[in-house]
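**Student:** Order-wise, the sequence lines are chains L, B, V and U.
Here our numbering runs 34 ahead of the position in the first sequence, where the first position is 1.
Here our numbering runs 34 ahead of the position in the second sequence, where the first position is 1.
Here our numbering runs 34 ahead of the position in the third sequence, where the first position is 1.
Here our numbering runs 34 ahead of the position in the fourth sequence, where the first position is 1.
Check each hint, because a few of them may be wrong.
Derived pair list, reagent style BS3-like, types lysine-lysine, alpha-carbon separation capped at 30 Å [as the list claims (entries may be wrong)]:
(1) K81/V - K157/U
(2) K152/L - K81/B
(3) K168/B - K100/V
(4) K100/V - K116/B
(5) K157/V - K100/B
(6) K116/U - K100/L
(7) K100/B - K168/V
(8) K100/U - K152/L
(9) K100/U - K168/L
(10) K81/B - K81/L
(11) K100/V - K157/B
(12) K100/L - K157/U
(13) K100/L - K100/V
(14) K81/B - K36/V
(15) K152/B - K81/L
(16) K100/U - K81/L
(17) K100/L - K36/U
(18) K157/V - K81/L
(19) K100/B - K116/V
(20) K157/L - K100/U
(21) K168/U - K152/U
(22) K168/U - K100/L
(23) K152/B - K100/V
(24) K116/L - K100/U
(25) K116/U - K157/U
(26) K100/B - K81/V
Treat the hints as calculated values from the structure; they're not laboratory data.
Every value quoted in this text rests on a predicted model; they were computed, and no experiment measured them.
What follows is each chain in one-letter form.
There are 4 protein chains.
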Amino acid sequence: MKIIPYHRRANYYETDQMSIVHHTNYIRYFEEARIDFMRQIGCDCRKLEELGAIIPVVDAYARYHKSLHFDEEFQVDIQLEKFNGARMEFSYQIRFPQTGELAVTGHTSHCFVDEHQKPFSVKHRFPEIYRRMKSALSPRPATA
Amino acid sequence: MKIIPYHRRANYYETDQMSIVHHTNYIRYFEEARIDFMRQIGCDCRKLEELGAIIPVVDAYARYHKSLHFDEEFQVDIQLEKFNGARMEFSYQIRFPQTGELAVTGHTSHCFVDEHQKPFSVKHRFPEIYRRMKSALSPRPATA
Amino acid sequence: MKIIPYHRRANYYETDQMSIVHHTNYIRYFEEARIDFMRQIGCDCRKLEELGAIIPVVDAYARYHKSLHFDEEFQVDIQLEKFNGARMEFSYQIRFPQTGELAVTGHTSHCFVDEHQKPFSVKHRFPEIYRRMKSALSPRPATA
Amino acid sequence: MKIIPYHRRANYYETDQMSIVHHTNYIRYFEEARIDFMRQIGCDCRKLEELGAIIPVVDAYARYHKSLHFDEEFQVDIQLEKFNGARMEFSYQIRFPQTGELAVTGHTSHCFVDEHQKPFSVKHRFPEIYRRMKSALSPRPATA
Numbered sequence: 035m036k037i038i039p040y041h042r043r044a045n046y047y048e049t050d051q052m053s054i055v056h057h058t059n060y061i062r063y064f065e066e067a068r069i070d071f072m073r074q075i076g077c078d079c080r081k082l083e084e085l086g087a088i089i090p091v092v093d094a095y096a097r098y099h100k101s102l103h104f105d106e107e108f109q110v111d112i113q114l115e116k117f118n119g120a121r122m123e124f125s126y127q128i129r130f131p132q133t134g135e136l137a138v139t140g141h142t143s144h145c146f147v148d149e150h151q152k153p154f155s156v157k158h159r160f161p162e163i164y165r166r167m168k169s170a171l172s173p174r175p176a177t178a
Numbered sequence: 035m036k037i038i039p040y041h042r043r044a045n046y047y048e049t050d051q052m053s054i055v056h057h058t059n060y061i062r063y064f065e066e067a068r069i070d071f072m073r074q075i076g077c078d079c080r081k082l083e084e085l086g087a088i089i090p091v092v093d094a095y096a097r098y099h100k101s102l103h104f105d106e107e108f109q110v111d112i113q114l115e116k117f118n119g120a121r122m123e124f125s126y127q128i129r130f131p132q133t134g135e136l137a138v139t140g141h142t143s144h145c146f147v148d149e150h151q152k153p154f155s156v157k158h159r160f161p162e163i164y165r166r167m168k169s170a171l172s173p174r175p176a177t178a
Numbered sequence: 035m036k037i038i039p040y041h042r043r044a045n046y047y048e049t050d051q052m053s054i055v056h057h058t059n060y061i062r063y064f065e066e067a068r069i070d071f072m073r074q075i076g077c078d079c080r081k082l083e084e085l086g087a088i089i090p091v092v093d094a095y096a097r098y099h100k101s102l103h104f105d106e107e108f109q110v111d112i113q114l115e116k117f118n119g120a121r122m123e124f125s126y127q128i129r130f131p132q133t134g135e136l137a138v139t140g141h142t143s144h145c146f147v148d149e150h151q152k153p154f155s156v157k158h159r160f161p162e163i164y165r166r167m168k169s170a171l172s173p174r175p176a177t178a
Numbered sequence: 035m036k037i038i039p040y041h042r043r044a045n046y047y048e049t050d051q052m053s054i055v056h057h058t059n060y061i062r063y064f065e066e067a068r069i070d071f072m073r074q075i076g077c078d079c080r081k082l083e084e085l086g087a088i089i090p091v092v093d094a095y096a097r098y099h100k101s102l103h104f105d106e107e108f109q110v111d112i113q114l115e116k117f118n119g120a121r122m123e124f125s126y127q128i129r130f131p132q133t134g135e136l137a138v139t140g141h142t143s144h145c146f147v148d149e150h151q152k153p154f155s156v157k158h159r160f161p162e163i164y165r166r167m168k169s170a171l172s173p174r175p176a177t178a
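Using the sequences and the hints given, assemble the complete structure.
**Tutor:** Pasting the structure below:
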C-alpha cells in the first residue's frame with residue numbers, strides 16, 4: 035500500500051524568535067503524520083482510544099538539518115519500521131516538497147497499553163489492526 | 035486573604051518570530067495564575083477534577099498593551115470578580131514587576147460541570163469550596 | 035470575493051486532560067484562518083513581514099460553545115469586520131462542518147507597525163494591499 | 035560549581051487527553067532547564083542572542099519512563115556533557131523530587147552560529163563564556 039505523505043504549512047505560532055519553527059514542533063509534526071498514516075492504513079487512533087487502546091510514546095529522536103520558516107510548506111514521509119504486536123517504531127523525514135531537501139529526520143517508538151496502563155497484545159485483542167499494521171511494515175531493512 | 039501574585043520568566047519556546055511572547059501564551063499565563071490562586075485559597079484544581087468537578091472556560095479575553103520578551107520576568111495579578119456557585123469570573127493583569135507597567139490585561143469566565151458535562155451547584159456538592167471562594171471574592175465592584 | 039472557509043482536524047497535542055481541545059488553541063486556529071484569509075485576498079503575511087509590515091494583535095476574544103475533540107474536523111468562517119488602513123478587526127466562527135453547529139466564536143483586532151514598532155498607514159505604504167483589504171471588508175454591518 | 039536543579043509544576047495546558055504531560059513538552063522542559071543552567075554559570079542566553087550568538091538545536095532525544103500529571107512537581111537535573119567551543123551537548127534527567135524516580139531522560143546537542151547562520155568559535159569571540167562553559171563541563175565521562 036502506497037502512503038500519501040502528510041503535508042501542510044508551518045504556522046506563525048510555531049515559530050520562535052530565531053524566526054524558524056521551534057525544534058519541539060517538528061516532533062508534533064511527527065505525531066500528525068503518524069496519526070494520518072494510521073488512518074491511511076485503516077487504523078483510526080481516535081476509535082482505538084475509545085476502545086481503550088492507548089499508544090504512548092516510549093522514546094523520540096529528531097535531527098535538525100534545515101529550518102522551516104513561517105508559512106513554508108513541508109511534507110512528512112513516514113515509515114513503520116518495526117511492529118510486533120507489542121511495540122512499534124516509526125521513522126520520519128520532513129522535507130521541503132519542491133526540492134525534496136531534508137528539514138528534519140527522526141524516529142519514535144511506541145507501546146500499546148489499555149486504560150489501566152497495562153500492555154496488551156494487539157494480535158489477540160485487535161487481530162484486524164494487527165494484520166493491517168503488519169502489511170504496512172516498511173519493506174526496507176529496519177535501520178532507523 | 036492576601037493573594038501572592040503569580041510570577042515567572044517567559045520561556046524561549048513561548049516567543050514567536052516577532053521576538054515577543056505569542057499572544058495566545060498570555061492566556062495560558064492566565065490559567066497558570068488561576069490555578070495558583072485556587073491553590074492559595076485552599077482549592078486544589080487537581081483534586082477537584084479527581085472528584086469529578088471540571089471547570090471549563092466559557093469565554094476569554096485578552097488586551098495586549100506591551101510585549102514580553104524571552105527571559106523577561108512577569109507577574110500576574112488576579113481577582114475573582116464574580117462567583118455564585120454555578121459560574122465564576124476572573125480578571126487578570128500581567129505586569130513587568132520592576133515598574134508595575136501593564137503587559138496584558140484580560141478576563142475569563144467559567145462554569146462548573148461534573149464528569150458527564152452536567153452543571154452542578156458548588157454550594158451543595160462542595161460547601162467548603164463554596165465558602166472559600168465566596169471569601170476570596172474581590173471586594174472591588176466587579177467591572178472586569 | 036468569496037472566501038473559502040479554513041478547515042482541518044484537531045491534533046492530538048492540542049487536547050488537554052478534559053479530552054477536548056485546550057481553549058487557547060482555538061485562538062491559534064483564528065490565526066491560521068486569518069493568515070489563510072489574507073492569502074486568499076492576495077495579501078501574503080510572510081511577504082508583508084519581510085517588507086517590514088508587522089500586524090500585531092491588539093486584543094482577542096473567544097467564546098466557547100461546544101468542544102472539539104481529537105481528530106474532529108472543523109472549519110473556520112472569518113470576516114474582516116473593520117479596516118481603515120491603521121487598524122483592522124476580524125470575527126470568527128469555528129464550526130462542525132457536518133452540522134454547521136458552532137464550536138467557538140470570537141474576534142481579534144490588529145494594528146500595523148513597521149520594524150521599529152511604529153504605526154504606519156497601509157494606504158500610503160502599500161496602496162495595493164489597502165485596496166484589496168477594503169474590497170474584502172465584510173458587507174454585513176460590523177457587529178462582532 | 036554546584037548547579038541547582040530546575041524545578042516547577044506541570045501546567046494544565048501541557049497535558050493531553052491521556053491525562054499526562056504531552057511527550058513534546060518534556061523537550062521544552064529541557065530547554066527551560068538549559069537556559070537556567072546557562073544563567074547559573076553566568077551565560078545569559080538572552081544577552082548572547084542580542085550579541086548575535088545563536089545556539090540552535092542540532093538534535094534532541096527523549097526517553098519516557100514515567101508520566102507527569104497536571105500540577106505535579108518535577109525537577110530537571112542537567113549536565114553539560116561536551117563543549118569544544120563549536121559544539122556542545124547536554125544530558126537531562128527529569129525526576130519526581132520526592133522520590134528521585136525518573137520521569138524522562140534525554141539529551142540535546144547544539145552548535146553556535148552568528149546572525150547570518152555562520153558557525154563561529156566561542157573561544158575567539160567570547161573568551162569569558164568559553165572559560166565558564168569549560169569549567170561547567172560535567173566531570174563524569176560523557177555517556178549521554
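**Student:** Are any of the numbered hints broken by this structure? If so, which, sorted upward?
**Tutor:** Violated: hints 1, 13, 14, 17, 18.
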